[in-house]
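Trainee: Construct the complete structure from the given sequences, taking the supplied hints into account.
Residues 1 to 489 (my numbering) are what the sequence shown spells out, left to right.
Since the hints were made in silico from the structure, they are not lab data.
A portion of the hints provided could be inaccurate.
Claimed, not checked - Estimated spans, in silico, between C-beta atoms of each pair:
| # | residue 1 | residue 2 | range |
| --- | --- | --- | --- |
| 1 | Thr-439 | Lys-81 | 55 to 61 Å |
| 2 | Tyr-385 | Ile-157 | 37 to 43 Å |
| 3 | Gly-369 | Pro-416 | 21 to 27 Å |
| 4 | Pro-459 | Asn-419 | 17 to 23 Å |
| 5 | Phe-197 | Ala-172 | 30 to 36 Å |
Think of the CB as a built atom: it goes at the ideal place given N, C-alpha and C, for glycine as much as any other residue.
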Amino acid sequence: MLSKIKNTLKHSAIYSIGNIATKLIGIVLLPLYTKHITVSEYGVLGILEISIMILTQVLILGQSSAFLRFHDLHEYKEKRKSTLFTIFVLLFSTGLLFNLFGLGCASKLSALFSKPLEFTIYFKLCFIIIFLRVINNLFLSVLRAKEKSVFYATANIIKIAVILGLNIYFVAFAKIGVKGILYSYLIGDGLLFIILFPNMISEMIPKFDSKILKATLTFGFPLIFTSLAGMLLNKGDTYILKFLVDYKEVGLYNFGYKVAGVLNVFLIQSFSLGLLPIAYKMYGQKGDKRYYSKMLTYFLFILFWAGLCLAFFSKEIIELLALNPDYWAAYQVVPYIILAYIFSGAKSVANLGLYLKRKTKYIAYLTIGAAVLNVVLNFILIPKYKMMGAAIATIISFVALYIVTYFVASRFYKIPYENMKLLKMLILAIILFFFSTLTANLNILPRILIKVAIIISFPFILFPFNFYEPIELERIKQGWHKLTGLKKK
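Mentor: What follows is the structure, given as structure tokens:
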């Protein structure tokens with residue numbers, strides 16, 4: 001059991017290298033953006049980035065997830081190469097048609113905005129970026145299925161390094177703002193395609209199989225709505241903020257979301273990338289349910305602890321990153337978004353039963369329901385509370401999604417999750433965060449020292465509440481002895 005968990009964590013750690021690079025570019029570039037781009041322009045960038053993410057997830061048609069699921073099914077093992085070719089032809093054709101239509105409509109669409117000439121260029125760049133990301137996501141799923149996490153991480157790091165350098169040039173030196181950022185995305189994604197495609201050729205045979213296409217679409221079609229609803233659930237409040245308030249409020253919210261998103265990219269996305277392929281392989285084996293259960297407990301333990309670190313110092317982090325004080329108010333939403341992300345991460349494990357039993361339509365139903373709830377709450381809360389209303393709506397929606405997903409998934413595949421332990425961590429994290437807020441009026445040094453002490457206390461406070469099993473305590477002792485033994489040497 002522990003070896004399997006270690007294997008999951010190993011691949012997650014390697015995937016996190018690529019994701020850390022992705023997030024690092026966002027963090028590194030924040031001072032650059034805040035110096036050369038106004039809050040309103042940053043709001044425009046936020047809208048464009050979110051639109052790219054949503055359309056990419058829709059146009060991939062759930063096929064990256066379908067390939068992962070079908071890769072290890074016994075009846076498809078001899079058809080892996082034709083499966084990949086079939087999916088590739090589908091996505092390439094869909095992306096090409098989308099671009100032909102989108103590029104033709106870009107001028108008409110941009111006429112709806114205040115600066116039509118600029119937005120025409122924005123839209124054309126976004127359409128090509130979306131096409132590249134759809135194909136790249138499929139290729140990256142192949143690497144995940146084959147557990148080539150090192151190649152996965154390396155390719156992403158190269159892409160991010162190129163995007164970072166181009167961003168600095170286009171924004172700081174060429175001074176073309178949002179357009180320059182989009183240029184850097186286009187070149188970076190194009191380079192990633194060039195890196196991945198030669199390797200993918202050996203993974204395909206030129207055989208289009210309509211039966212395989214029908215099977216993968218049946219699996220993936222509900223995930224289109226899942227992806228769309230999930231993106232709207234995560235990012236839809238940005239559109240509503242723009243509709244009900246203005247680009248400045250969008251910019252602040254997007255900035256706070258970027259900082260809170262460190263938890264998502266460093267831990268949640270990396271863990272999810274490593275979990276699904278191994279979870280599929282574990283299904284039906286001895287101890288599979290205990291494996292899934294312990295993974296959720298350990299995963300949330302790490303999320304709560306890391307989330308506390310980020311939430312405690314959100315104000316200091318934003319003041320350090322934002323060279324323009326106009327951005328500093330963004331720190332207020334960070335703790336709320338972090339809590340929402342934690343429930344999002346928990347949901348990604350709670351819905352395993354639906355993936356394992358191929359009940360993906362229920363994932364779509366649940367995610368759409370949560371997205372609708374989120375939209376309704378945003379329209380209720382944003383007019384009065386602005387970006388804070390959006391943050392509160394996000395928390396409520398993700399809590400509801402996790403709870404309902406847990407019960408629905410249990411109907412098809414009952415996993416004995418350690419719910420009381422999860423509840424203990426949640427309550428403790430909320431209490432500790434409350435105590436951290438009492439240090440707000442202290443000088444910076446004692447404030448930081450007290451917050452660090454509170455963060456360190458988190459795993460120790462759980463001990464008297466029977467959080468750890470005897471075997472876990474034994475492993476902790478062994479690890480400590482090994483660590484101290486190395487130090488003595």
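Trainee: For every hint, state whether the structure bears it out.
Mentor: Status of each hint after checking the structure:
1. Thr-439 to Lys-81: 55 to 61 Å: Check passed, 59 Å falls within 55 to 61 Å.
2. Tyr-385 to Ile-157: 37 to 43 Å: Since Tyr-385 and Ile-157 have Cβ atoms about 39 Å apart, the given range 37 to 43 Å holds.
3. Gly-369 to Pro-416: 21 to 27 Å: 26 Å, holds
4. Pro-459 to Asn-419: 17 to 23 Å: Hint holds: Cβ distance 19 Å, inside 17 to 23 Å.
5. Phe-197 to Ala-172: 30 to 36 Å: 32 Å, holds
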